[in-house]
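Colleague: Residues per chain are reported as follows:
There are 2 protein chains.
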Amino acid sequence: MFGKPSELKNFFSVKSVAVFGASRNARKVGHIILRNFVDSKFKGKIYPVNLKAKVILRQKCVKSLFEVNEEVDMAVIAIPARFVPDALEQCGKKGTRFVIIVSGGFAEIGNFELDSRIREITEKYKIQVIGPNCLGIFDAYTDFDTLFFPRYRLGRPDEGGISFISQSGAVGAAVIDLASREGYGFSKFISYGNALNVDETDLLEYLGSDKNTKVICMYIEGIKDGRRFMKVAEKVVKKKPVVVLKAGTTKASAKAVSSHTGSLAGSPEVYSAAFHQSGVIEATCLEDLFNFARTLESQPAPKGKRVQIITNGGGYGILSADACMKYGLELAQMKAETIEEIKKQVPDYAVVSNPLDLIGDADTQRYKIAIEGAMNDSNVDMIFVIILYQSPLVTPDIVDVITEAYDEMKKPIVAISTGGDFTEVHSTALQANGVTTFTYVKNAARALKMLFEHYRKR
Amino acid sequence: MFGKPSELKNFFSVKSVAVFGASRNARKVGHIILRNFVDSKFKGKIYPVNLKAKVILRQKCVKSLFEVNEEVDMAVIAIPARFVPDALEQCGKKGTRFVIIVSGGFAEIGNFELDSRIREITEKYKIQVIGPNCLGIFDAYTDFDTLFFPRYRLGRPDEGGISFISQSGAVGAAVIDLASREGYGFSKFISYGNALNVDETDLLEYLGSDKNTKVICMYIEGIKDGRRFMKVAEKVVKKKPVVVLKAGTTKASAKAVSSHTGSLAGSPEVYSAAFHQSGVIEATCLEDLFNFARTLESQPAPKGKRVQIITNGGGYGILSADACMKYGLELAQMKAETIEEIKKQVPDYAVVSNPLDLIGDADTQRYKIAIEGAMNDSNVDMIFVIILYQSPLVTPDIVDVITEAYDEMKKPIVAISTGGDFTEVHSTALQANGVTTFTYVKNAARALKMLFEHYRKR
Chain C
2 MFGKPSELKN FFSVKSVAVF GASRNARKVG HIILRNFVDS KFKGKIYPVN
52 LKAKVILRQK CVKSLFEVNE EVDMAVIAIP ARFVPDALEQ CGKKGTRFVI
102 IVSGGFAEIG NFELDSRIRE ITEKYKIQVI GPNCLGIFDA YTDFDTLFFP
152 RYRLGRPDEG GISFISQSGA VGAAVIDLAS REGYGFSKFI SYGNALNVDE
202 TDLLEYLGSD KNTKVICMYI EGIKDGRRFM KVAEKVVKKK PVVVLKAGTT
252 KASAKAVSSH TGSLAGSPEV YSAAFHQSGV IEATCLEDLF NFARTLESQP
302 APKGKRVQII TNGGGYGILS ADACMKYGLE LAQMKAETIE EIKKQVPDYA
352 VVSNPLDLIG DADTQRYKIA IEGAMNDSNV DMIFVIILYQ SPLVTPDIVD
402 VITEAYDEMK KPIVAISTGG DFTEVHSTAL QANGVTTFTY VKNAARALKM
452 LFEHYRKR
Chain W
2 MFGKPSELKN FFSVKSVAVF GASRNARKVG HIILRNFVDS KFKGKIYPVN
52 LKAKVILRQK CVKSLFEVNE EVDMAVIAIP ARFVPDALEQ CGKKGTRFVI
102 IVSGGFAEIG NFELDSRIRE ITEKYKIQVI GPNCLGIFDA YTDFDTLFFP
152 RYRLGRPDEG GISFISQSGA VGAAVIDLAS REGYGFSKFI SYGNALNVDE
202 TDLLEYLGSD KNTKVICMYI EGIKDGRRFM KVAEKVVKKK PVVVLKAGTT
252 KASAKAVSSH TGSLAGSPEV YSAAFHQSGV IEATCLEDLF NFARTLESQP
302 APKGKRVQII TNGGGYGILS ADACMKYGLE LAQMKAETIE EIKKQVPDYA
352 VVSNPLDLIG DADTQRYKIA IEGAMNDSNV DMIFVIILYQ SPLVTPDIVD
402 VITEAYDEMK KPIVAISTGG DFTEVHSTAL QANGVTTFTY VKNAARALKM
452 LFEHYRKR
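If you read the sequences in order, they're chains C and W. Take the position in the first sequence, starting the count at 1, then add 1; the result is the number in my numbering. Take the position in the second sequence, starting the count at 1, then add 1; the result is the number in my numbering.
Isolated chain C (complex conformation) (with noise of 0.2 Å):
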């Protein structure tokens, strides 16, 4: 590391950037990238270098960066490993602090002199690498990207609270395009790869402080430095949730980890033990690492783990209070004023209890009187709200009824909801007005109990 995390912020407020390895060619790398910045967007200015072409996607291009006469903020380096130490000279001569090398072939596959040559150039010139062997960055809000992942591929996902910093680039692309699709709001993403000289320490402290950041998560296969690792969790976890994705927890996949990102995957007790110390959540998968994200993303603090199951499906039900006992969490026993009132108001058939069944021929009305029991009963620390959208009952405006309640933040409130096109339609509407929803009642019971963990916690 050199200079400060806070120095990282360069990183996301460039102006102008360099691409080494532009290219026409649209299946390679540095086309892909130079397109994004084009399509973008990026109002900086763009600069390709290519030895050989003069424009490329109406970019002029340069030889070197010795051809710019002003200042260049940042390049990014797409070209192979052995012409990467030329590239960086470059930069270093030319001032270039801040560089993404997206290019593989370091210290991943023993190529450890080469590793120390692009660490020799990076230190006499002070240079800030994100890299090598990488994805680079993305940046919701300023639509900054290095993805070299073409649009139609991964979808770009809007603006919103997760960020995420993920040690390989394929597992965070793939997150973010299903966050993209799934409708959830993202910061900014960072694949930093081999971490030559800004790790995943760095990167932690940095999002701490970054006010577009609300949860940060992080997919990891090996810490370089455990201690400062735990130093700067504890000190962000006091400002907002970390989750952690720790893989090679296996023998097995230890090996594999090693001839990924070169790192050592260390003992998983170990860092399991670390994590629980320093109050960062540990995600065994990357389910849950999603889901958690976007629970602890949206939802406020409970104040307890009581939960009502609210249903228009009776089945539906007693999976949700299965499954909220299995994992953990208490079913809640509303007040008797609270079970009076709703009852004045829904059908006698009506179930009001624990799970709460509204009947298959529920509408948004008698979703709205439950809803708003549960809410303002203190009996209730949290509120599962099944809807199967199947039932023809059910019209559109639930959805206003759910944000609605969602909105308050008195409590956490969830959507649970299975099914085909039209659910997912309904379903997407919810979370695109920042309520989580779920497609199993089983994720749903895991991450309410690990935000009820998180916060008892605090």
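Hints are computed from structural coordinates only; laboratory data are not their basis. Computed from a prediction, not measured in an experiment: that's the story for all the values here. Be a bit skeptical, because a hint or two may be false.
Same chains, same names: a pair is fine if it fits in one copy or spans any two.
DSS-like, lysine-lysine: derived pairs with alpha carbons at most 25 Å apart [unchecked claim]:
1) K256 - K327
2) K336 - K252
3) K336 - K256
4) K256 - K306
5) K64 - K232
6) K215 - K42
7) K327 - K450
8) K450 - K241
9) K306 - K125
10) K306 - K458
11) K236 - K450
12) K232 - K215
13) K256 - K450
14) K369 - K29
15) K125 - K225
16) K29 - K53
17) K10 - K44
Since the structure of chain C is provided, determine the placement of chain W on it from the hints.
Modeller: Then chain W, alone, in the frame of chain C:
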């Protein structure tokens, strides 16, 4: 039970059907059921029974079954509970011996008197009843469909090998809606509700002999006669796999069971032991039920549990190895000659090990080489193919390569991809070709472990 389960086939070969409760009001259950008959491929005669209307949906109405001069094979009853006895009497006198009672309002709400009355009538006339308090049936092969959820809300799946017996209509409906979106084929769906005289065991026995059914799925809240269920299940599982999700496995949810379908939830341990003993596969959540069913439908029996992981994302390979170990699978060790053969044909920076990391620039040809190597190596029992479609070099013909490998049916092969719209298009194409796909490696590992255990016992 009257007659034999073999008689149940009459519910699926109907040539004329009466709809009690047929209505002009598009939101009424009776309207939706009538519309489904009219709009579907059903070619038989339809008799809407309505006291006032003369024509509904271009179908001539009758005031009672006695106005119909021809035989009526089946009646669907969707009228208030108190009028059901009269409708049943009409059926009995008319000789209509197969009836689906959609209406609720019997034992499940404590109305045992009405329950007894309809029971007497069915005994008197030897009427077989599916229901009451149910959705009835859907047959993807004949398009016969009594589900009262509109098709724009609840997609109907194409023809396939999965049949689903569900005590809860809504749980079943949500799953077939999901299946229709994701491209999985179904044979028959039966929601049997209160099980007046056709119960889960009768339906299990019937589907055991149904040639279109390759896998039987069940959602159960309670089993009426445990011994009989086990005896029948033991016979059926010799012919095809049976997967059961038992709901109400906690004290809290068991209470909800009795108010939902009037069943006794029973001790979860007793159920688990009975399922295990009779060779039934137990799913512990809805997601597993769905995943297990589609895996059993499409995958061949594995010889062992050694998995070869093939990936274009290193991190994903590591997460897959973690998941395999966590859920009880093993990592395969390919033969030296296989490794040599693959190494000859892929770039030297690919990591030909397990996980086999084809690296982010892998094209379809590289996948083909790796898949063929693993498919022909007797040290490999199952194959995980991770495809991150975000990478620009993965071309759509990857779908053909995997389909061809799968079509050989030599060993289980599943495809795992996480992402947005571009990814979904390709995953759905694979599913349509019969290949099992997953969004998360965890679920793939759980499903393949189940597959291994299932065939090991046989």
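Colleague: Next, verify each hint and record whether it holds.
Modeller: Hints versus structure:
Only between protomers do K256 and K327 lie at most 25 Å apart by alpha-carbon distance; the minimum there is 16 Å, versus 34 Å within a single protomer. Taking identical chains as interchangeable, the C-alpha atoms of K336 and K252 lie at most 25 Å apart only when they sit on different chains, with a minimum of 20 Å there against 52 Å within one chain. When the C-alpha separation of K336 and K256 is checked against a cutoff of 25 Å, the pair qualifies only between copies, where the shortest distance is 18 Å, while the shortest distance within a copy is 55 Å. In this homomeric assembly, K256 and K306 come within 25 Å of each other (Cα to Cα) only across copies, at 20 Å, whereas the closest approach inside a single copy is 40 Å.
For the identical chains of this complex, K64 and K232 are neighbours neither inside a copy (45 Å) nor across copies (80 Å), given an alpha-carbon limit of 25 Å. Taking identical chains as interchangeable, the C-alpha atoms of K215 and K42 lie at most 25 Å apart only when both belong to the same chain, with a minimum of 23 Å there against 53 Å between chains. For a Cα distance limit of 25 Å, the shortest separation of K327 from K450 qualifies both inside one copy, at 10 Å, and across copies, at 21 Å. With identical chains, the CA atoms of K450 and K241 are at most 25 Å apart within one copy only, with a shortest distance of 18 Å there and 38 Å across copies.
In this homomeric assembly, K306 and K125 never come within 25 Å of each other (Cα to Cα): the closest approach is 55 Å inside a single copy and 52 Å across copies. Taking CA atoms no more than 25 Å apart as the test, K306 paired with K458 passes inside one copy only; the shortest distance there is 13 Å, against 41 Å between copies. In this homomeric assembly, K236 and K450 come within 25 Å of each other (Cα to Cα) only inside a single copy, at 23 Å, whereas the closest approach across copies is 41 Å. Within a single copy, K232 and K215 get their C-alpha atoms as close as 20 Å, which meets the 25 Å cut-off; across copies the closest is 56 Å, which misses it.
Taking identical chains as interchangeable, the C-alpha atoms of K256 and K450 lie at most 25 Å apart only when they sit on different chains, with a minimum of 23 Å there against 33 Å within one chain. Within a single copy, K369 and K29 get their C-alpha atoms only as close as 53 Å, which misses the 25 Å cut-off; across copies the closest is 22 Å, which meets it. For the identical chains of this complex, K125 and K225 are intra-copy neighbours only, at 22 Å inside a copy versus 79 Å across copies, given an alpha-carbon limit of 25 Å. Taking CA atoms no more than 25 Å apart as the test, K29 paired with K53 passes inside one copy only; the shortest distance there is 15 Å, against 71 Å between copies.
For a Cα distance limit of 25 Å, the shortest separation of K10 from K44 inside one copy, 18 Å, qualifies, whereas the shortest one across copies, 68 Å, does not.
Of the numbered hints listed earlier, those contradicted by the structure are 5, 9.
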